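K.L.:
So the sequence lines, in the order shown, correspond to chains A and B. Just so you know, we're using the working numbering here: the first sequence kicks off at 6 and counts up by one. Just so you know, we're using the working numbering here: the second sequence kicks off at 6 and counts up by one.
Among the hints, a few may not be true.
Note that identical chains are pooled: a pair holds if it fits in a single copy or bridges any two copies.
The list that follows gives simulated cross-link-like pairs (lysine-lysine, DSBU-like), each with its CA atoms no further than 35 angstroms apart [to be verified]:
id : residue 1 : residue 2
1  : K122      : K274
2  : K274      : K20
3  : K243      : K141
4  : K49       : K274
5  : K98       : K122
6  : K98       : K193
7  : K274      : K98
No lab work stands behind these hints, which were simulated from the structure alone. All figures in this text were calculated on a predicted structure; none of them were measured in a lab.
There are 2 protein chains.
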Amino acid sequence: MHILILGAAGMVGRKFTERLLHDGRLGANAISKLTLQDVVAPTKPADTRIAVDTVTCDFAVPGAVAPLVASRPDVIFHLAAIVSGEAEADFDKGYRINLDGTRYLLEAIRAVGDGYKPRVVFTSSIAVFGAPFHDKIDDEFVLTPQTSYGTQKAIGELLLADYSRRGFLDGIGIRLPTVCVRPGRPNKAASGFFSNIIREPLNGEEAVLPVSEDVRHWHASPRSTVGFLLHAGTMDLKVLGWRRSLSMPGLSATVGEQIAALARVAGPKVTARIRRTPDPVIVNMVASWPRDFSTARAREVGFTTAETTFDDIIRIHIEDELGGKFVA
Amino acid sequence: MHILILGAAGMVGRKFTERLLHDGRLGANAISKLTLQDVVAPTKPADTRIAVDTVTCDFAVPGAVAPLVASRPDVIFHLAAIVSGEAEADFDKGYRINLDGTRYLLEAIRAVGDGYKPRVVFTSSIAVFGAPFHDKIDDEFVLTPQTSYGTQKAIGELLLADYSRRGFLDGIGIRLPTVCVRPGRPNKAASGFFSNIIREPLNGEEAVLPVSEDVRHWHASPRSTVGFLLHAGTMDLKVLGWRRSLSMPGLSATVGEQIAALARVAGPKVTARIRRTPDPVIVNMVASWPRDFSTARAREVGFTTAETTFDDIIRIHIEDELGGKFVA
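Take the sequences, apply the hints, and build the full model.
P.N.:
Below, the structure is given as C-alpha cells:
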C-alpha cells in the first residue's frame, strides 16, 4: 500500500508519519511506500523498512500536486492548510492554499482516471461551525463558519462529498477538535493559547492567557488525533452515505478546568506561570467558536472516544513529549 | 441607483427586469441605470425612462466580470447559473460557471476597493439540501447537497457569507423553491417536469411525468420569486448576522396534489394530457430532494408568504403567461 501525506511536516503530519512507520501497516495492509509532502522539507526518517519519498513543494501551485497523485497512491491524507489566524490575516493566501489547493488535489485525482479512486482523508475543523449554536453541536447542525479558515474547510467538505458521490475518489472529512496539548513552538492558530497555557508552564516558562477562564472549548490530544486519522484511513466509508464529513469525539472543557487539571497534575507552581492578559481580538474570535459537541455519528462508525478528563490530556503530553518530566 | 443583473436573460431575470422597469425603483430608490448581463443577449427593453445597458458575455471567463462591477453598481443580482441537470451532466461546466464564476464576481467586487460595498443578492437553491432529512427542513439544518449543482450553490453561500463578514460586500443568499409554473420551453433542470405537467397540458400539449404522484416538492410561482428578489435587494441585512443565506417561503405539494389542482382549475381534459413514463434517473435524483420547509427565519425578516394552494400557482400562470386563457 502506497500512502501520500500532504502537509506531512506539520505537527499532526509528523506524529501520524511516526505512527505509520512504527506500525508498518494501515489497518490490514502493509505499507510499501510513503510519500511525504510539505512546503517545508519533511524530515526523511532514517532506518525504516518502508520506502519513504519526501517532496518539498507548494501543493497549491497549479500543477504541483499532479505528479504526487500520478503514481496512484492508495490512500491520501490531506493535512495541508493555512491555520485560522493566518487565513484571517491573509485573505488571499488562505483561499489559495485552503480552497484552491484542495480543489487542485481533487482535480488531479480525477484527472488520473482509468479507475483510479483513492481513499482521501481530509482534515476539516470544528471552525466550520460558528455562533449562535446549541450548547452541543450535533451531526445535523448547519455549517456556519465565522472565519475564512472555517469557510475554506466547509467548502473542502462540500467538494469532497461531491467528488465522492461522482465516483472520482472515496473521501472522508474529519472535523478535528482543537489539538491540545500541541507540542513545539506556538503557531499562528488563534486557538494556540489553549495549548500554550499548559505547555509553556510545564517547560518552566510563562504563558499568556488572552481570554477569561469561563471560555469553553473542544479538545483532543495529538494521540487521539492520530487515532482518528488511522480509523478514517481504514474504515468502510459506505456507512457514511454521501455525508462524508463528521465531527470527531473530543473533550469539552473550560479554560478554568484546564488550569485546575494542570494544578492537579503538575502543582500550583506550574499554574502560577500563566499570565492573564486579555486580548480583545482573540476574545472576539473565540466567542464565535464551538464549545461542545454531540458526536454520536462518529462514535457509531467507530471513532473511539477521545480523552474524558483534561488531566489525561496533560498526562499524555508529559508522557509523549516530555519523557515523563516537567519543570515543577 | 444602478442595478446590475447577472443572468438577466433567464426566466427569472427577465421577469425581474420587467418588474424593475415597471416600478422604476427598488424600494425607496429610483433606478437610474440597469445593466443586464447574460451569455445570450438580454433583450433591450424599448421605451423606458431608465438607462439600460445590455452586456453579452460569459461571466465565468477570467476578467469578464470586472468591467461590469468597475462602474460600481449599488445592487448586484447574481442569477447566473448552469441548472441542475446540466451541472450533473457536465461536471466541468457546472463548476466553471456556478463556482468559478461566482468567485470571480466576488473577487472583482473586492478588487474595486475604495469603500465599494454593494448589496449582492445571490439566488441559491433548495438543492443545497439532500436526503436524509426531516419532514420539514428548518433554518439550522446541515447543508447536504446531493447534486453538483447543489454543492456549487452551497459553496456560493459560504463564500457570500465570508465576503460579507470581511466587509467586501453586503450579501444575501435566497434559496428559491422550485419555480413553478416555469413559463416558456423546458430547460435542462431535472426539476422541469413539475412545471411541464401544468404548462404543456394548458397549451393543449402532452407532458411527460417521470415520477410517481406521491413525490412531494417545494414550489413558488415566478411572481413570488420576483417578490423575494425585491425584498432581498432592499431589506436591512443586519438582522441576518453572518448567516447570509436562507430558505424562501413556498408551498409543499405532491405531484398528485398538483394534478388535482390542475383538474379543479382547468378540468379533466387538461389533466388527461399528462403521460406517465417513469424515468429511473429522475426518480433517483428526486428521491434526494427536499419536500417541505419550515421558513420561520425568512418570514421573520419580511419575506412574505408564497402561494398557499397549488390552485393559486396555476391561476397565476394562466393570468401572467396565458392572458387568462388555456386550451380546455
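K.L.:
All the hints need checking, so say for each whether the structure fits it.
P.N.:
Going through the hints against the structure:
1. K122 with K274: Neither. Shortest intra-copy (54 angstroms) and inter-copy (52 angstroms) distances fail the 35 angstroms Cα cut-off.
2. K274 with K20: within (30 angstroms within a copy, 72 angstroms between copies)
3. K243 with K141: Intra 26 angstroms, inter 26 angstroms, cutoff 35 angstroms: intra and inter.
4. K49 with K274: For K49 and K274, the Cα distance exceeds 35 angstroms both inside one copy (39 angstroms) and across copies (77 angstroms).
5. K98 with K122: both (29 angstroms within a copy, 22 angstroms between copies)
6. K98 with K193: For K98 and K193, the Cα distance is within 35 angstroms only inside one copy (13 angstroms; across copies 37 angstroms).
7. K274 with K98: neither (41 angstroms within a copy, 62 angstroms between copies)
In this structure, the earlier hints numbered 1, 4 and 7 are contradicted, and the remaining ones agree with it.
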